[in-house]
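Trainee: We have chain A; now place chain B onto it with these hints.
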Amino acid sequence: MQRLLAAKRDLRLPQELAKLHRYACLVLDDIGYVQHDQDEMEVLFTLLSDRYEQRSVFLSTNLVFSEWERIFKNPLTTVAAIDRVVHHSVLLDMMQVRSFRVQQATGQQAPEVTRGS
Amino acid sequence: MANRQVELRTMLQSLRLPTMVELCADLALKSAKEGLSHEAFLYELARLECERRSQQRIERLLAQSALPREKTFATFQLERLPMPMRGQIERLRTGEFVKDAINVVAVGPQVLEKAISWLQWPMTWCSRGTLSCGHLRHS
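In order, the protein sequences belong to chains A and B.
Going by numbering that gives the first Met the number 0, the first sequence opens with residue 0, and the numbers climb by one from there.
Going by numbering that gives the first Met the number 0, the second sequence opens with residue 0, and the numbers climb by one from there.
Don't read these hints as lab results, they were simulated from the structure.
All of these numbers come straight from a predicted model, not from anything done at the bench.
Where hints are given, some of them may not hold.
[What the hints assert, rightly or not] Residues from chain B that face chain A, not an exhaustive set, calculated with beta carbons under 8 angstroms:
hint, residue
1, L80
2, T93
3, F96
4, V104
[As the list claims (entries may be wrong)] Per label pair, the in silico range of CB-to-CB distance:
hint, chain 1, residue 1, chain 2, residue 2, range
5, B, L77, A, R21, 26 to 34 angstroms
6, B, A65, A, S48, 22 to 30 angstroms
7, A, L90, B, L7, 29 to 37 angstroms
8, A, E52, B, G86, 53 to 61 angstroms
9, B, M10, A, E68, 36 to 44 angstroms
10, B, S13, A, H87, 23 to 31 angstroms
11, B, A62, A, H20, 16 to 24 angstroms
12, B, L7, A, T45, 44 to 52 angstroms
13, A, H20, B, M82, 35 to 43 angstroms
14, A, A79, B, L41, 44 to 52 angstroms
15, B, S13, A, S65, 14 to 22 angstroms
16, A, L10, B, E78, 30 to 38 angstroms
17, A, D36, B, A39, 54 to 62 angstroms
18, B, C49, A, H20, 18 to 26 angstroms
[Unchecked claim] Which bits of chain A does chain B cover? Going by a derived footprint, with three or more residues having C-beta under 8 angstroms, they are:
hint, region
19, 10-16
20, 46-55
We put the CB at the ideal spot given by N, CA and C, even for glycine.
One chain only, chain A, in its complex shape:
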């Protein structure tokens, strides 16, 4: 993200996006854990738009779609981003899947899926 921000500042964002375009799939790890500023979210949106229907994005987040405004700050940008990501996508709902690491740490033989309360 920092690379994209620097590229935007230096007016060479299209070139940086073109470099990423070489990769058939881009993994955006844990979006939403850390709060980002407006500029970062703008380049993220630009990136998602650039890849829309051209290249894959594998995105992981702890936030459900209704909370994505926390990522993109602006409601219109949020809707547009979700639209681009979700159109032609596979959704993996892992909210109810128990963390393997937690399970390992506690040494439990837990059921496959945690039960909702």
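Mentor: The following block gives chain B in isolation, referenced to the frame of chain A:
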């Protein structure tokens, strides 16, 4: 003849075709013995060059990704996922979604640890919240 072979190797080297340099002489001999056409010989030589390049690229990207190598589908406990998701993961494993520019959105706490690393994606692996880019390993 010997000079021509040396010259051919030099030309292939200058064209940066190392696998063809390495295998050209042996494959030419083998092709002659088996009566292969010139086209078939050239096809096989080019195919081997492409295959090795592809393998090297995958290895390079895997190394850059710094993903734990031991996390493969062989060690992934698929049975701990709900049944519909097992099917989804199996389909993702084929890599077809990449060809069709299909996105994948995994929602949940620490999802990447759970879902992606077992797919053995060679990608540049950065710290949380940063950008990672990759190329699917078809294995």
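Trainee: Which hint numbers does the structure go against, in order from smallest to largest?
Mentor: 2, 7, 8, 9, 10, 15, 16, 19
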